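S.K.: Construct the complete structure from the given sequences, taking the supplied hints into account.
When we follow the UniProt record's numbering, the leftmost residue of the sequence shown carries the number 1, and every step to the right adds one.
To be clear, the hints were calculated from the coordinates, so they are not data collected in a lab. None of the values given here were measured: they were computed from a predicted structure. Certain hints may be false.
To be verified - Derived CB-CB ranges, DEER-like:
(1) 289 - 234: 45 to 53 Å
(2) 358 - 475: 17 to 25 Å
(3) 127 - 163: 25 to 33 Å
Backbone N, C-alpha and C fix where the C-beta goes; we use that ideal spot for every residue, glycine too.
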Amino acid sequence: MLASVAGIACFVAGESFAQAGTARENVVLPEVARSFGVATSWMPADRKLSLAYGDHDVEIVIGTDYLMFDGKPLELLAPVVVLDGAVSMSLPDATTLFSRLLGRDINPAEILSASSASRQHSDIVGHDLIKSIRYISYPDLTRLIINIAAIRGSDAIEVNCVRSGGTLRVTFPGFRMLQSVAPFDIGDAIVRSVEPVQDGTDATLVIRTVAEGGECEVQKHDDPLRVVLDIRPTDSLAKRTPLTRSVSTSRSSEWTEPVPILPDQRISFTTVVIDAGHGGKDVGARGRDGLLEKDVTLDIALKLKELLERGTNVKVVLTRTDDQFVSLKERTAIANRAKNGSPADLFISIHTNSHASTAVTGFEAYYISDAVDPSAEATAAMENAVIAFENEGNEAVEARLTPILWDLQFTEFISESSEMAFMVQREMAERLSTQDRGVRQAQFIVLAGVAMPSVLVEVGFISNRIEETRLKTDDFRGRAAEALAAAVTDYKNRFESRLGFSNGTSNP
Numbered sequence: 001m002l003a004s005v006a007g008i009a010c011f012v013a014g015e016s017f018a019q020a021g022t023a024r025e026n027v028v029l030p031e032v033a034r035s036f037g038v039a040t041s042w043m044p045a046d047r048k049l050s051l052a053y054g055d056h057d058v059e060i061v062i063g064t065d066y067l068m069f070d071g072k073p074l075e076l077l078a079p080v081v082v083l084d085g086a087v088s089m090s091l092p093d094a095t096t097l098f099s100r101l102l103g104r105d106i107n108p109a110e111i112l113s114a115s116s117a118s119r120q121h122s123d124i125v126g127h128d129l130i131k132s133i134r135y136i137s138y139p140d141l142t143r144l145i146i147n148i149a150a151i152r153g154s155d156a157i158e159v160n161c162v163r164s165g166g167t168l169r170v171t172f173p174g175f176r177m178l179q180s181v182a183p184f185d186i187g188d189a190i191v192r193s194v195e196p197v198q199d200g201t202d203a204t205l206v207i208r209t210v211a212e213g214g215e216c217e218v219q220k221h222d223d224p225l226r227v228v229l230d231i232r233p234t235d236s237l238a239k240r241t242p243l244t245r246s247v248s249t250s251r252s253s254e255w256t257e258p259v260p261i262l263p264d265q266r267i268s269f270t271t272v273v274i275d276a277g278h279g280g281k282d283v284g285a286r287g288r289d290g291l292l293e294k295d296v297t298l299d300i301a302l303k304l305k306e307l308l309e310r311g312t313n314v315k316v317v318l319t320r321t322d323d324q325f326v327s328l329k330e331r332t333a334i335a336n337r338a339k340n341g342s343p344a345d346l347f348i349s350i351h352t353n354s355h356a357s358t359a360v361t362g363f364e365a366y367y368i369s370d371a372v373d374p375s376a377e378a379t380a381a382m383e384n385a386v387i388a389f390e391n392e393g394n395e396a397v398e399a400r401l402t403p404i405l406w407d408l409q410f411t412e413f414i415s416e417s418s419e420m421a422f423m424v425q426r427e428m429a430e431r432l433s434t435q436d437r438g439v440r441q442a443q444f445i446v447l448a449g450v451a452m453p454s455v456l457v458e459v460g461f462i463s464n465r466i467e468e469t470r471l472k473t474d475d476f477r478g479r480a481a482e483a484l485a486a487a488v489t490d491y492k493n494r495f496e497s498r499l500g501f502s503n504g505t506s507n508p
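M.R.: Written out as structure tokens, the structure reads:
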């Protein structure tokens, strides 16, 4: 698979490679690796691809402009990115990497040949395809979402699940597996790893589970075409144990060239965007006694900003600081350039909920996904209604914007967003004396547009008179802000521990 990205001036192990203004070919990294006999392991939750060959280990974090080769940094010409669902690297960087990894000089033509050869065993044209796989870890199940391409509808797709001890084989008869679909580790309390294989004319997922028993529930969906596998252990009370991973820095081999100094902030957690829902002409939901959602969300956002800046070294960016209208497109643009022109590390959108039944109460945390129940769908529709202020007669705006960015969230950030949503739920349950309505999934436009982990929080139902009274108080708003600050701090610490950073900051 080839693509082009604009060239830039960067360094490889201290040497300058000026490519400004030129086009550069990208190659799909797992394809090339497998052609050279290099083992690959893809960890979506960490956005990390690992390579292993002989005594060498390579770890690559998506979006960073360097990789770790035997525990030492090698700076790249361009960041490794996800293009069309595949982990892709520039051709010059791939040439340098595999020359070092294999211990011999490799030229760009060999890399391109390897990329092509990896696909020659199977002509995918005209076949049903498995395009990509993502996962979500829940306390009592692990969900795999398999994106597919097929000329038939979901009802006509056959899926067979066969368990043998701690291995579950899920077969898609007649499907081909794209070479860009790499093995990956999950490491939660239910699933250890997933290995995609091409088994003759069938595509198979070899899923290694923690327990030897359990069940696999299959769901099929259209628009987009996908198969969802819910894997549950026999013990339905199993709890998820978050896995902490760190980058290895213990290898003893030395570089022959000067090693560039790479500041921690390149991959450390430094920037959070807080989005106070609604504002200006968009008042949001309105309480029975006249309280406006836009006023509640702004106050909580300001309190949260103060807590984070006082208790951590995190930079906080607000999408609005007063009663002004900010479009959904502008909000996502702010988030996507908040970190020195790049996307922030986390996005939190704050809202209050409303319901036709004034008896409904409680808080909810959402992350982006297809709405899975009528209530979640209704909430998303209500919060997305701001698009009416933005379209100015152009009804196609939403239809154009959302699908383009939907795959970005699904491919790269859904696991982190899910993790953050559960942290928010836990902290709010500890601090707010209201009903815990749990973590939900829905299609929020403001979350679809941000290139980072993101959550939307409904702190209470303004339509309920008792909760409206609470939402008016400084005490309730302060406790909501404290809960969010604690969740951000916990997420930050876990994020940095995975990358080998130490952090002594405690929860506020």
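S.K.: With reference to the structure, classify each hint as holding or not holding.
M.R.: Consistency of the hints with the structure:
1. At about 51 Å, the CB distance of residue 289 to residue 234 agrees with the hint of 45 to 53 Å.
2. The hint said 17 to 25 Å for the Cβ distance between residue 358 and residue 475, and at roughly 23 Å that hint holds.
3. For the pair residue 127 and residue 163, the supplied restraint of 25 to 33 Å holds, since their beta-carbon distance comes to about 27 Å.
Of the numbered hints stated above, none is contradicted by the structure.
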